[in-house]
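The task is to assemble the complex, starting from two chains supplied on their own in separate frames and drawing on the hints.
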Amino acid sequence: MNQRARKKITQAIGFVLLRVCLYLVLAVLLLFLYDIGSKGGGVISWEFLSQAPRRGMTEGGIFPAIFGTFIVTMITAILAIPLGMSAAIYLNEYARQSRLTRLIRLSIRNLSGVPSIVYGIFGVILFVNIMHFGTSLLSAGLTLGLMTLPWTITASEEALKTIPQSYREGALALGATKWQSIRTNVLPYAVPGMLTGTVLGLARAAGETAPIMFTGAAFFLPYLPKSPGDQFMALPYHLYIMATQHHAILQVRPLAYGTALVLIVLVLGMNMTAVIIRYRLRRKQR
Amino acid sequence: MSAEPLKIRMEARGLDFYYGAKKALNKVDIACFENRVTAIIGPSGCGKSTFIRTLNRMNDVIPGTRMEGTILLDGKNIHDPDVDVVELRRRVGMVFQKPNPFPKSIFDNIAYGLRINGMRDKRKLEEVAERSLRGAALWEEVKDRLDENAFSLSGGQQQRLCIARALAVEPEVILFDEPCSAIDPIATAKFEDLIETLKKSYTVIIVTHNMQQAARVSDFTAFMMLGELVEFGVTDKIFTNPTNKLTEEYVTGRFG
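Protein chains in written order, with the numbering used here: chain A, 552 to 837; chain B, 19 to 274.
Keep in mind that the hints were calculated from the coordinates and are not lab data.
We treat Cβ as the ideally placed atom computed from N, Cα and C, and that holds for glycine.
Worth double-checking, as some hints may not be accurate.
Unchecked claim - Restraint-style ranges between C-beta atoms, simulated for each label pair:
1. A:Gln554 to B:Arg84: 54 to 64 Å
2. B:Phe273 to A:Leu657: 44 to 54 Å
3. A:Ile655 to B:Arg272: 44 to 54 Å
4. A:Ser601 to B:Lys161: 58 to 68 Å
Here chain B stands alone, though its shape is the one from the complex (with noise of 0.2 Å):
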């Protein structure tokens, strides 16, 4: 790690979570750092994905939910009735779950971003569609194809299309929905190492199941249980030596 001081990036300040009565996070507070990668593991039904979701107010969209508490973009409360949710959610890209490529062509997936804000200069179009597919170590398997529908792709070519087209409208900070849930371990291991690649231009954060994955390629960890923040620290230090108890328990496998 380098010696500069880390700039936080994203954070979330006593943020609590409910769905209609039923509460679902309750007092949690994550700091994101910028250029480095935030993991938050967790057994099902924690709220790691109710979490990142809040990231990019993407639980606006379901209804009977409500939030409380301050979530910070480069210190700005992104609830702030000045703040544009469409903007902040360009700012704030999202790589869902499960792939879910839009039903057209591979090149119509990427320019989608760029289209609804109004982008029509077909070169313009085409040089972002490169530069997105190349980030996100894709171009070489689909340059030939661009036109074929992004369905004919295989599940992880899929996933790694879904974050070229997250990546085409420029965000700053990149959200994974435990992106890795449905694709292959080949297609698992490419995308660990393009995380390693992507952190160097954004700020990253992935929810997952999968502990090994945390370890492998976050900086930070964040360690939720039942809606609550348990240990939030340095990768290393919350794998070998957490303060926990449960921290210890869960990383060690004894439960989740």
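In isolation and in its complexed conformation, chain A is listed as follows (with noise of 0.2 Å):
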């Protein structure tokens, strides 16, 4: 055989391998899927979603789980969002390239690989009791908000690198100050970046069950909370104890599974809305 048919074969082994590769993975995915569809689908009901449980669990709905995680998640991004999109402007802006910004960085980086068990703890720690928050709402909120911070400061700075240097100083070169330059000539067009990784970063908030379960979540309550001081409801946490904890375990096994598909809808969902925002607003600076 020649040279250049060994080459050609060599390629298409390769091509081949990388393609089963990736329906391997997308395999998995939508086998996972359909599991979950096709177990959960069947309770899912408009009294599935707008109703409260009944019985232990075992008959009605789950709405104060899906209304306490979106309230949680709120909470979230009313804390990630702004703290995270201005300690990036900061970061990728202002701060002077030193050793100390380098390794700001790299704990940040680190603290987004930390397990959301630990960030429950801390939680429970500064927020529930060192600050008497107690386990509520926006002790869970906060915890959450925490968690999501690297991943927002790290996707916002990543945004603003794309930026090129010559919109920054073609605004500076026509008597700019540099916060003006920043403004109006750098954020409008990281701001769809920042946004689509803050949103995933909510995303995966809004599905995490430890850093909830100590600072906020609650397994049944009577009442939707009132206020940020009440205590909660949560889908992924309701999940957790349906496919694990319940004394009728069973029985509620295809309410566990709608559960689990209603909590996939909203994450995707999530992730859908950062994908369209990025859309939207690229197109509108075309």
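The following block contains the structure:
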């Protein structure tokens, strides 16, 4: 066999291997979605989405958990978006690039890899005990906010890095102050990327169990939370209990699958929103 | 040239510049006259761009740089504590090597410099836009599509847009940092005609790689090498009868 034929075959084999890997990953994902979809789809109804659980969770719906997850994610966003974006702007645009800023950046990268249960424990100590917020929506939202911050900062900084230096210099050369050049000629083009990263971080936060289970989530509450100081029900925690801790675990299994499906759709929906925001804002700039 | 004595508009005296420990400029003295074009020529890496960027303190934004010496604008040291760098950059406009229109409409590009200074009057903005675009010889080509994105223009048009954008804030000095290195020969010819017009109202300083361009458009030429000013003088003399051997070798194309 001549060399050219051999090269061609090597390439063909390489491509096939890569394609098989891709299909394997896709297959696992689809199987997983199919399993949850087929087992949970049956219980999804207006009643399931709009009512509270009854008879020790064996009947009724999951509305309080949906509501709780929605509110706690809002609190997370209120903390993580302004703080994360500001920190990214400072790090990328203002901070001198010294050993200290490199260390800060490295720490932030590392924080995004810290297991969520560690954030949960930290939240208990800081928010519940030291700051006396109690086990509440506020404590849980702040804990999730802390967990999301490194993601927001990193994604926002990456978005800022993609803006060409010439936009900044061009503005400065026309007599803009540094903040004017950032506000009018950097941020408008960086915000889509910043938002995308942030919403992805929030979607991850919405699906987390560990950070909220000691800081504010409750398995069952007869009322919806009325203030940030109240405890709340949340989808991931609800699912966790129904799947592992419930006294009639087989009886509630379909409801657990239904909860899982709602949670997945919610997270998927948030991710789609991120993609749509980015697409819309990018198109507006063209 | 007129009989009136020339007025020095901008002047560098004993200028040293460092990127970290690396010295990029060594004791550079150059004077730029009002309503005249001063060209800075020299081989790559000789410090031309570094020099021109010190004139509007654009190097301030590069971390780890340091400057020594004096730069005067109308006799006033631009590093004096009472000089506002933002106002300096309005008075000393700059057009960069690569056309850098902002991803906005043509009109918004021109209006940018005025808007950041608080101008909101739409009619006034339109007036300035037309005047600036005419000044940059671009008006006829874009007058019917001011709302289009600036990226839809050709490279040469984009560069003239950047010139118009610089003109809009009414600078006194305009710095050009190799403005033709990214545009085609026809656009370059248009640009050179434009320089002829601009010098009637402005002090023009242009860094260029292209010696013919320097010979065609400038009144004075500075030849730099390895961070030092080798020779500075009337363009005709630099190109026909230079004092320094290095200058002669460079302008006759023996190296560079």
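We went through each hint and held it up to the structure:
no., hint, in the structure
1, A:Gln554 to B:Arg84: 54 to 64 Å, "57 Å, holds"
2, B:Phe273 to A:Leu657: 44 to 54 Å, "46 Å, holds"
3, A:Ile655 to B:Arg272: 44 to 54 Å, "52 Å, holds"
4, A:Ser601 to B:Lys161: 58 to 68 Å, "59 Å, holds"
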